[in-house]
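Asker: So the sequence lines, in the order shown, correspond to chains E and L. In terms of the working numbering, the first sequence is numbered consecutively and its last residue is 82. In terms of the working numbering, the second sequence is numbered consecutively and its last residue is 379.
There may be inaccurate statements among the hints.
Going by beta-carbon spacing under 8 Å, a handful of chain L positions derived as facing chain E [to be verified]:
1) Ile12
2) Pro14
3) Val25
4) Arg26
5) Leu30
6) Pro32
7) Arg215
8) Phe216
9) Ser296
Covered by chain L, per the in silico footprint, the following chain E stretches (three or more residues, Cβ under 8 Å) [unchecked claim]:
10) 27-34
11) 63-70
Chain E residues, not near chain L, derived (Cβ > 10 Å throughout) [unchecked claim]:
12) Thr7
13) Ala13
14) Val46
15) Leu58
Hints are computed from structural coordinates only; laboratory data are not their basis. Positions of the beta carbon are idealized from the N, C-alpha and C atoms, including for glycine.
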Amino acid sequence: MVDVGMTLEMVQASQLGMKALGAGLAVGLTGIGAGVAEMAIGSAAVGATAENRDVFGLVLLLTVIPETIVIFGLVVALLLLF
Amino acid sequence: MREHEHEDVVVISPSCVYACTRFRVRKTKLLPREEYLRIMRMSMPEVVAHLGRQEDYQDVMDLAGEFSGAQLIEEAVNRSLARSFRSAMAIAPGDLHTLTGEYLARWDIANVMAILRGTVHNVPRRQVRDLLIPAGEIDSALLDHLLNLTACGEVLEALQGWRLYPVLAEYYRICGEKGVFARIENELYRRYYAGLLDLATSGCSGCQELIAYLRFEIDITNMKNLLRLHCAREACDITVVDRTMIPGGHIPLGLFRRLYDIETEEEFVSVFLQTAIVPILTQAVRELRQDPDFSSTDAAELVWRRWHRHLRPVHEVEIAITRVRLHQMESLSRRHPFSVLPVLAYLERKRYEVANLRAIARGKAFGLPSERIWQYIVT
Numbered sequence: 001m002v003d004v005g006m007t008l009e010m011v012q013a014s015q016l017g018m019k020a021l022g023a024g025l026a027v028g029l030t031g032i033g034a035g036v037a038e039m040a041i042g043s044a045a046v047g048a049t050a051e052n053r054d055v056f057g058l059v060l061l062l063t064v065i066p067e068t069i070v071i072f073g074l075v076v077a078l079l080l081l082f
Numbered sequence: 001m002r003e004h005e006h007e008d009v010v011v012i013s014p015s016c017v018y019a020c021t022r023f024r025v026r027k028t029k030l031l032p033r034e035e036y037l038r039i040m041r042m043s044m045p046e047v048v049a050h051l052g053r054q055e056d057y058q059d060v061m062d063l064a065g066e067f068s069g070a071q072l073i074e075e076a077v078n079r080s081l082a083r084s085f086r087s088a089m090a091i092a093p094g095d096l097h098t099l100t101g102e103y104l105a106r107w108d109i110a111n112v113m114a115i116l117r118g119t120v121h122n123v124p125r126r127q128v129r130d131l132l133i134p135a136g137e138i139d140s141a142l143l144d145h146l147l148n149l150t151a152c153g154e155v156l157e158a159l160q161g162w163r164l165y166p167v168l169a170e171y172y173r174i175c176g177e178k179g180v181f182a183r184i185e186n187e188l189y190r191r192y193y194a195g196l197l198d199l200a201t202s203g204c205s206g207c208q209e210l211i212a213y214l215r216f217e218i219d220i221t222n223m224k225n226l227l228r229l230h231c232a233r234e235a236c237d238i239t240v241v242d243r244t245m246i247p248g249g250h251i252p253l254g255l256f257r258r259l260y261d262i263e264t265e266e267e268f269v270s271v272f273l274q275t276a277i278v279p280i281l282t283q284a285v286r287e288l289r290q291d292p293d294f295s296s297t298d299a300a301e302l303v304w305r306r307w308h309r310h311l312r313p314v315h316e317v318e319i320a321i322t323r324v325r326l327h328q329m330e331s332l333s334r335r336h337p338f339s340v341l342p343v344l345a346y347l348e349r350k351r352y353e354v355a356n357l358r359a360i361a362r363g364k365a366f367g368l369p370s371e372r373i374w375q376y377i378v379t
């Protein structure tokens, strides 16, 4: 809600702040999501590699798949800021 | 095992995921069915050489100077079993560790009974040593120490730190007393199952399925014991039946007592059909004979025929039941991938892999035909 006593500069600064906050949340929350997803995948990947070294390449690929969520977050953040 | 559990969100601890994945990968490395068929076509030296190339049985070559033939294979597979189970204990975290330790206590019971019997009956130490599998709480150092003791009193004293020692202390008052070993063994297994069921009831991921599996194992053991008691030559009264039965199964002990006294086929079949054994037995015989029309009544009649003629359970059927149970356990472990079930599925599979290799080695040593040996293989 805009305070009637606010100047145009103040409103613009407030909007910029909101955008920055949204961008931060987009990157931060997707980062947390990716971390939670990677926790289980990483544990399983290490377990599988400990028993069979041949699967290292495959499990590394599987482990980084949740990183795509962070990339989506980053794209959203960049769209918000620029 | 589970760190936070709410109605919808379940977060499984990373150490549990890590351990369960390792067990699942390990299970894929166990010998497949085709491998047993190949091994059965080999001569004994070829089997030894083949096992020497397997990751799990590499020490067969180191043991070749000390043992030979079937004994060499038995020694190598027993060592592999003990190593695998110790490694399982090292990997399993938290609840999985406790449950695995409790589950592996059955090897302690087998080891202690072998040592006590060997000590009382003066069986050569080497012969007793071949039977021991140090997969439980009692490690090889303590087992070696127990083997070197000459009196059963000394063995009991050395076992004071064992968790099931109170049972020994309670029942084993006179060394060498006739019939005491059977009583002790029954009581040890009763306590073993009671402890395992108690632990599983305390709640964990996959524990409900584990309890069902254990309860069915108790039912099958009780039924086998009942058939054995019935076919024993000396008359046995109901107190022996009570002492031998393990409580905790799906089938109440009263039903076993009732079965023991039945003399007519109709009554036996109708009572037996009420038991939880029937569906699995039917499925096992159906798969064994490849007869889709084999019904639960046929299964009950099959048991009656053995019962009526005072015959022991058919080994082939026992193996078929084990096979069905293992498959059920594996499908459950796939449904609950991060629970105690993958651990148990691996431990059971490994146990039967070793049993299969021992059966092949002993069968070949006695010159049995491949078809006969195949009846003892659980795949």
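Asker: Each of the hints needs a verdict: does it hold here or not?
Answerer: Cross-check of the supplied hints:
no. : hint   : in the structure
1   : Ile12  : holds (7 Å)
2   : Pro14  : holds (4 Å)
3   : Val25  : holds (4 Å)
4   : Arg26  : holds (6 Å)
5   : Leu30  : violated (12 Å)
6   : Pro32  : violated (16 Å)
7   : Arg215 : violated (30 Å)
8   : Phe216 : violated (29 Å)
9   : Ser296 : violated (41 Å)
10  : 27-34  : violated (count 0)
11  : 63-70  : violated (count 0)
12  : Thr7   : holds (46 Å)
13  : Ala13  : holds (39 Å)
14  : Val46  : violated (6 Å)
15  : Leu58  : holds (12 Å)
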